[in-house]
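Peer 1: Next come the chains, spelled out residue by residue.
Number of protein chains: 2
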Amino acid sequence: MSFACDLLIINGTILTEPGLKAPLPDGYVAIQSDTITAVGAMAELPPQTSARQTIDARGDLVMPGLVNGHCHAAMTLFRGLADDLPLMDWLQKHIFPAEARFVSKEMAYWCSKLAAAEMILSGTTTVADSYFLEEAAAKAFHDSGMRAIVAQGIIDFPAPGVPDPAKNIEAAEAFIKTCQEQGRKRITPAIFCHSPYTCSAKTLRFAKTLAAEQTCKFFIHLAETHHEVKQIHEQHGMSPVQYLHNLHLLDHNTVAVHCVHLSDEDISILKHSATAVITCPESNMKLASGIAPIPKMLAAGISLGLGSDGCASNNDLDLFGEMDSLAKLHKVANLDPTVMPASQALRLATSGGAEALGLGESTGRLAPGLKADCIILNLDAPHLTPFHHHDLLVYGAKGSDVRTSIIDGVVVMHERQILAFDQAETMAHVRKLATALHSR
Amino acid sequence: MSFACDLLIINGTILTEPGLKAPLPDGYVAIQSDTITAVGAMAELPPQTSARQTIDARGDLVMPGLVNGHCHAAMTLFRGLADDLPLMDWLQKHIFPAEARFVSKEMAYWCSKLAAAEMILSGTTTVADSYFLEEAAAKAFHDSGMRAIVAQGIIDFPAPGVPDPAKNIEAAEAFIKTCQEQGRKRITPAIFCHSPYTCSAKTLRFAKTLAAEQTCKFFIHLAETHHEVKQIHEQHGMSPVQYLHNLHLLDHNTVAVHCVHLSDEDISILKHSATAVITCPESNMKLASGIAPIPKMLAAGISLGLGSDGCASNNDLDLFGEMDSLAKLHKVANLDPTVMPASQALRLATSGGAEALGLGESTGRLAPGLKADCIILNLDAPHLTPFHHHDLLVYGAKGSDVRTSIIDGVVVMHERQILAFDQAETMAHVRKLATALHSR
Numbered sequence: 021m022s023f024a025c026d027l028l029i030i031n032g033t034i035l036t037e038p039g040l041k042a043p044l045p046d047g048y049v050a051i052q053s054d055t056i057t058a059v060g061a062m063a064e065l066p067p068q069t070s071a072r073q074t075i076d077a078r079g080d081l082v083m084p085g086l087v088n089g090h091c092h093a094a095m096t097l098f099r100g101l102a103d104d105l106p107l108m109d110w111l112q113k114h115i116f117p118a119e120a121r122f123v124s125k126e127m128a129y130w131c132s133k134l135a136a137a138e139m140i141l142s143g144t145t146t147v148a149d150s151y152f153l154e155e156a157a158a159k160a161f162h163d164s165g166m167r168a169i170v171a172q173g174i175i176d177f178p179a180p181g182v183p184d185p186a187k188n189i190e191a192a193e194a195f196i197k198t199c200q201e202q203g204r205k206r207i208t209p210a211i212f213c214h215s216p217y218t219c220s221a222k223t224l225r226f227a228k229t230l231a232a233e234q235t236c237k238f239f240i241h242l243a244e245t246h247h248e249v250k251q252i253h254e255q256h257g258m259s260p261v262q263y264l265h266n267l268h269l270l271d272h273n274t275v276a277v278h279c280v281h282l283s284d285e286d287i288s289i290l291k292h293s294a295t296a297v298i299t300c301p302e303s304n305m306k307l308a309s310g311i312a313p314i315p316k317m318l319a320a321g322i323s324l325g326l327g328s329d330g331c332a333s334n335n336d337l338d339l340f341g342e343m344d345s346l347a348k349l350h351k352v353a354n355l356d357p358t359v360m361p362a363s364q365a366l367r368l369a370t371s372g373g374a375e376a377l378g379l380g381e382s383t384g385r386l387a388p389g390l391k392a393d394c395i396i397l398n399l400d401a402p403h404l405t406p407f408h409h410h411d412l413l414v415y416g417a418k419g420s421d422v423r424t425s426i427i428d429g430v431v432v433m434h435e436r437q438i439l440a441f442d443q444a445e446t447m448a449h450v451r452k453l454a455t456a457l458h459s460r
Numbered sequence: 021m022s023f024a025c026d027l028l029i030i031n032g033t034i035l036t037e038p039g040l041k042a043p044l045p046d047g048y049v050a051i052q053s054d055t056i057t058a059v060g061a062m063a064e065l066p067p068q069t070s071a072r073q074t075i076d077a078r079g080d081l082v083m084p085g086l087v088n089g090h091c092h093a094a095m096t097l098f099r100g101l102a103d104d105l106p107l108m109d110w111l112q113k114h115i116f117p118a119e120a121r122f123v124s125k126e127m128a129y130w131c132s133k134l135a136a137a138e139m140i141l142s143g144t145t146t147v148a149d150s151y152f153l154e155e156a157a158a159k160a161f162h163d164s165g166m167r168a169i170v171a172q173g174i175i176d177f178p179a180p181g182v183p184d185p186a187k188n189i190e191a192a193e194a195f196i197k198t199c200q201e202q203g204r205k206r207i208t209p210a211i212f213c214h215s216p217y218t219c220s221a222k223t224l225r226f227a228k229t230l231a232a233e234q235t236c237k238f239f240i241h242l243a244e245t246h247h248e249v250k251q252i253h254e255q256h257g258m259s260p261v262q263y264l265h266n267l268h269l270l271d272h273n274t275v276a277v278h279c280v281h282l283s284d285e286d287i288s289i290l291k292h293s294a295t296a297v298i299t300c301p302e303s304n305m306k307l308a309s310g311i312a313p314i315p316k317m318l319a320a321g322i323s324l325g326l327g328s329d330g331c332a333s334n335n336d337l338d339l340f341g342e343m344d345s346l347a348k349l350h351k352v353a354n355l356d357p358t359v360m361p362a363s364q365a366l367r368l369a370t371s372g373g374a375e376a377l378g379l380g381e382s383t384g385r386l387a388p389g390l391k392a393d394c395i396i397l398n399l400d401a402p403h404l405t406p407f408h409h410h411d412l413l414v415y416g417a418k419g420s421d422v423r424t425s426i427i428d429g430v431v432v433m434h435e436r437q438i439l440a441f442d443q444a445e446t447m448a449h450v451r452k453l454a455t456a457l458h459s460r
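Taken in order, these protein sequences are the chains called A and B. Counting with this note's numbering, you get residues 21 to 460 for the letters of the first sequence. Counting with this note's numbering, you get residues 21 to 460 for the letters of the second sequence.
It should be emphasised that the hints constitute simulated quantities derived from the structure, not laboratory data. Errors might be hidden in some of the hints.
If several chains are the same, the list does not tell them apart, and a pair holds so long as it fits within one copy or across any two.
[Claimed, not checked] Below 20 Å or equal to it, Euclidean Cα-Cα: the simulated DMTMM-like pairs (lysine to aspartate or glutamate) are:
1) Lys113 / Asp356
2) Lys187 / Asp46
3) Lys159 / Glu193
4) Lys452 / Glu233
5) Lys197 / Glu381
6) Lys250 / Asp356
7) Lys452 / Asp400
Take the sequences, apply the hints, and build the full model.
Peer 2: Next comes the structure, spelled out in structure tokens:
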């Protein structure tokens, strides 16, 4: 038996399903076009195998690319613009005014592309992005080689690209049509309602109907802060989760982001409606939103993924750091070191996140038939020595340990150099945009 | 006016006192032998300045090397050996048996040197280390070019190098004498009593007397867990802090590590006794020990530094990540995003830590007369773009962004390559030792 492939990764430790399966100590991954065709032990690699390109991963670890379940990529422009402020000051005096003045198609394109550079360099190969002018982000992710769900933002306030909020549903519909017409590989359109407190019931229902008609995912920030819970309770006499449930917004195509403040009943509703949840621990820590009841959600069997949130509130997009924070935060919050083990963090950042986003049959695992999204980590570093166990990927590895990122069968980054697009050009464009922020 | 120096760093953004002073946007640092001789604006650099070596830091950020206030460097061998376990299982089934079998002089030397490699590569130039067989660590830090306080461990159990606990004070005294005789530059001996629950009152008093006689720092783990607080209360009817206070162990030469569980009275005692505190947030999170009342300690004016703790409980020594965790953890714990701003985290990891360790006149700041311990960060990376404010050093920068580390005027690392010693040899030795762990 022999076979030919386009790309062959050999001699690596292969982690096919992080957190779920033990690693293959000396294995290979074969890729034909955009798809994984075989994964196995080197001893079983057919001797006549030929490949157009071979990557020797001896001493390295090969695993699925990470899945960032929630991001506002264009907000890289506001990275560290205003830190350590009270939430309302931060939003109303810094972020909202900066967004009103500086978000444009050009900004969204270059700043999303910068986010793509950062994600690719730190091992993220799939992102679910939610922002305004999302067609620019779609183009940026397409041009950068990333796999992306791009969700057009809907809010009942004047927003970038949609100055008249009465037209926000119409704009979202146009975005989905354009995105579908473009037919870009790896790019899937979706809808993002900002929150239950910034969108009316009518807007929420129209948006969800649109998403359902187009079989799109429906994203929404949910139960992020005490303030939101209080406000929704005052207005509607129930919790944000119950409120969305009553509006028939919660189902297997809804992705609820944050879910920090949940009652046991809320958790039950999320579970029984098959709503997926994306947790963003670093953003919740930095903005002091609170600590999500992740152990309870896991126990309930809710589909869970991990997200970085936007750069204004984190301030980076490195999911290795996010896994570390996720695992450590819930241990101390529960005063129990067995809570949120490294294996769970790895699962949430790979197959768990992919499933939450409806991409479980495309990415998040290394298996024949799945898209070829994988990363190779260099373990030959003091901070990863010795490497007793792959839990160290959570507690020790950094995004900067990623040597190679492959998306859809294409090597988009190798030896820390982005091959898919011009990183320096992207950074230069964003720096120019950032200079304008300070010359107000 | 002209001057000559050994090493001149030019064209950099200079952060002389992180968290306390605004950066110099375009400056230089001049170093003669082991000492900083001048820091200033490029515009004021005397035109006739000559230097044996010049580093161009254009686009880079120059700041003091970080100060790791608490480490067990030799424990790199146990990095990720056993994660996510109940504390007593972790200690009694994994860490203590591994220590009993595998800690030797050779192990302590190579594993401390590996820790030095990791610290130097991530921007730490000074460490306060506490472990057994500490003479081996002293030699490792000397050979690696680091600045270190080396504290010999004292515990009332058989320990590596001290099989008979009745001789633990004697062994510590011999260690200090040897260390003083060696007269190694940058290496300062000290005493480390493991904790109030593993050392008797007699041992604690003898150890503190020895430290006082030798004008040494006295380190101790204090109020780390609920379990410890309960045990000391049951045995002595008071809190661990009160107990040490009653034994006359708390003064300006005592450094209390962790201090997670403190009453307001405890905080007052620490303040009035001028005891310094080192906080290790990531270790406290991973072991689920709890969240230290850092904002209260800061408000009380306690001298505070930041530590990584050992690799068995973190699992890395990167103080950039530790600053990020420190800043984010206390915000969410207090549900207030203004708590523990980035500037405080930067101060604790530099001048604050140096002062807590009694090294404030030697390191932790860039100023004429201080030892030349400084690091240069490459800001030309997507995750640091744009760089609106140096708070991004806490919320965005990683140890891997450090381009150059200088200790005592010597360039020990440049362009991510360790120059002071053979990193590959060190890693090979530790890997060999690690293999033995698995062939039990």
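Peer 1: Within a copy, between copies, both or neither: where do Lys159 and Glu193 come within 20 Å Cα-Cα?
Peer 2: Within one copy only: 17 Å inside, 68 Å across.
Peer 1: When Cα atoms must be at most 20 Å apart, do Lys452 and Asp400 count as within-copy, between-copy, both, or neither?
Peer 2: between (37 Å within a copy, 14 Å between copies)
Peer 1: Is it within, between, both or neither when you check Lys187 against Asp46 at 20 Å Cα-Cα?
Peer 2: neither (56 Å within a copy, 49 Å between copies)
Peer 1: For Lys113 and Asp356, with the copy left unspecified, which applies at a CA distance of at most 20 Å: within, between, both, or neither?
Peer 2: Between copies, since 17 Å is at most 20 Å while 39 Å is not.
Peer 1: Using 20 Å as the alpha-carbon threshold, which applies to Lys452 and Glu233: within, between, both, or neither?
Peer 2: neither (40 Å within a copy, 60 Å between copies)
Peer 1: What label fits Lys197 with Glu381 when the C-alpha limit is 20 Å: within, between, both, or neither?
Peer 2: neither (24 Å within a copy, 66 Å between copies)
Peer 1: For Lys250 and Asp356, with the copy left unspecified, which applies at a CA distance of at most 20 Å: within, between, both, or neither?
Peer 2: between (30 Å within a copy, 17 Å between copies)
Checked against the numbered hints given earlier, this structure breaks hints 2, 4, 5; the rest are met.
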